[in-house]
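Undergrad: Using the sequences provided together with the hints, build the complete structure.
If you read the sequences in order, they're chains G and D.
Taking UniProt numbering, the leading residue of the first sequence gets 1, the next gets one more, and so forth.
Taking UniProt numbering, the leading residue of the second sequence gets 1, the next gets one more, and so forth.
It cannot be assumed that every hint is accurate.
[As the list claims (entries may be wrong)] 16 Å max Cα-Cα, derived EDC-like pairs, lysine to aspartate or glutamate:
id, chain 1, residue 1, chain 2, residue 2
1, D, Lys62, D, Asp47
2, D, Lys2, D, Glu66
3, G, Lys15, D, Glu61
4, D, Lys74, D, Asp47
5, D, Lys67, D, Asp93
6, G, Lys98, D, Glu40
7, D, Lys97, D, Asp46
8, D, Lys62, G, Glu11
9, D, Lys19, D, Asp93
Think of the hints as simulated: they come from the structure by calculation, not from any bench.
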Amino acid sequence: MNNKLMQKFIEFAGKIGSQRHLVAIRDGFVAIMPLVIIGSLAILINNFPPFGKFNFVEWMSAIFGDGNWQQVGGSIWNGTFAVLGLLASFTISYNLAKSYNVDRLAASLISSASYIMLVPVTDDFGLNMNWLGTQGLFVGIIIALLTTELFRVFVNTPKLIIKMPEGVPSGVTKSFRALIPTMIILIIVGLFQASLAVLADTSIFEVIFTAIQKPIQGLSNSLPAALVVALLNHILWFFGLHGTNIIGSIIEPIYIPLVEENLSLFQSGISAYDVPNIVTKPFLDSFVFMGGSGTTIALLIAIFIVIRKQKNHPYREVAKVSTPGSLFNINEPVIFGLPIVLNPIMLIPFVLVPVTLTIITYVALYIGLVPRTVALLPWTTPPILSGYLVTGGSWRGIALQLFNLAVAIVIYIPFVLAGVKASKQRMEE
Amino acid sequence: MKIILVCSAGMSTSMLVDKMKKASEKKVIDAEINAVAESELQNHLDDVDVVLIGPQVRYLEKGIREKVEPLGIKCDIIDQLAYGMMKGDQVLDQAIKLAKYK
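TA: Written out as structure tokens, the structure reads:
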């Protein structure tokens, strides 16, 4: 492989992975993920499918009355996943301000205030919940980045800072520091909102959603897009770079809204087979990245199958060290220990397996053999459990995971054999 | 001695931390070792001697160095193979060597 080109690629990926705004977006999502997952689980419990003869939903309804008990989960949903856009706008701004080392709380409050200022108001003076959630996510991100950039510039402009006479407590000085910059930013946002409403009778949320967010999401919910994501992630990992981390800032804003749409329809009583979106974050996490990127849990099993006698073979040693982490989808040990990184023998299956599994999973969900994803779980949820839960509690989800695992093991075995042979030759030389 | 390991979520390095702790007990070295996510690093820099970076986030090296080196903290990327095999003793040695290099 061309070394110079490779170095360029690694540098480029590194730049993206450490680009300030993209990092702020990614860390913003990391911060709200617990809330989002809790909201998702609340919906799952509210709509849990019958378990053999035991029907949880009917049982609960018999005790507490139909619909009453589900209000708990419903309101959790309303305060978490349903206001994702607003939450993200706060956390992204917080992280960006943190990276600039300016007042984080002030910056994120400005971002939230600007967000609410721009949300269209309903006829009876309510906030339109649609725009607080994932539909407003892109605008939320833009608001967070722009207002925080403005804030950073303004607070570093001495003329805009109110000076306090000496002896005034520093807390007081600090509280006045953000005053003028905040005022200027909110006036700009207000003028922008008013001119859009008066001149074009629309809101920025409607404009961005229809012009940018919706087309991108439509494009992303397709097999080619899923393949690009899988391919890119694994090529980065092959170079020893944290793929999911580097492309996360681009993936999450797109694939989380797609699962949100599934979830809210599932909540309203639509079956998991009939929800619209196939490619979502849990699609990749649960059916493709089993045991971590590269479905390496299958590689470990392949190693245990191929190398049975030589208990202290280096491959076996790595597999042993890697097993506990892999059950929770953490696979750095096998990636760096085997290694997979820059290992030409392992490159092929490491990329081929996820691509194959993406195709299989897409087809299985597309033709309705397996329910689509209606839950968002922590990425550390072990396979099998995750397959059951993301499909809204369906055994078919587990069956698909087992099938995918079997396919992956079959693909990995010949390459493990080749690797063993190659290392044996090296030993003899 | 206080050592901090950094990776993207602090998950995989936390596995290594446990091994390093065991290695330090064996060698009777008084070391406090922790794993943190890169975004949290800034809040955990008090009295730290060495920051070790997981190889999968080595592209963050420059930014991390800029953050910690002015504070007199030594910083390096964890040896890839030692990391993969979770060799706590080797990584501990790497940290000790770095700290002594003052």
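Undergrad: Determine for every hint whether it applies to the structure shown.
TA: Each hint tested on the structure:
Between Lys62(D) and Asp47(D) the alpha-carbon distance is near 21 Å, which puts this suggested pair outside the 16 Å criterion. Restraint check: the Cα-Cα separation between Lys2(D) and Glu66(D) comes to about 19 Å, which exceeds 16 Å; the hinted pair is violated. For a cut-off of 16 Å, the pair hint linking Lys15(G) to Glu61(D) stands: about 11 Å separates their Cα positions. For the hint linking Lys74(D) to Asp47(D), the alpha-carbon distance of about 12 Å falls within 16 Å, and the restraint holds.
With a C-alpha separation of about 23 Å, the suggested pair Lys67(D) and Asp93(D) falls outside the 16 Å cut-off, and the hint is violated. Distance check on the hinted pair: Lys98(G) and Glu40(D) sit about 11 Å apart at the alpha-carbon level, within 16 Å; holds. Taken as a hint, the Lys97(D) and Asp46(D) pair is broken in the structure, with Cα atoms around 20 Å apart against an allowance of 16 Å. Under the criterion of a C-alpha separation no larger than 16 Å, the hint pairing Lys62(D) with Glu11(G) is consistent with the structure, at around 12 Å.
Taken as a hint, the Lys19(D) and Asp93(D) pair is honoured in the structure, with Cα atoms around 12 Å apart against an allowance of 16 Å.
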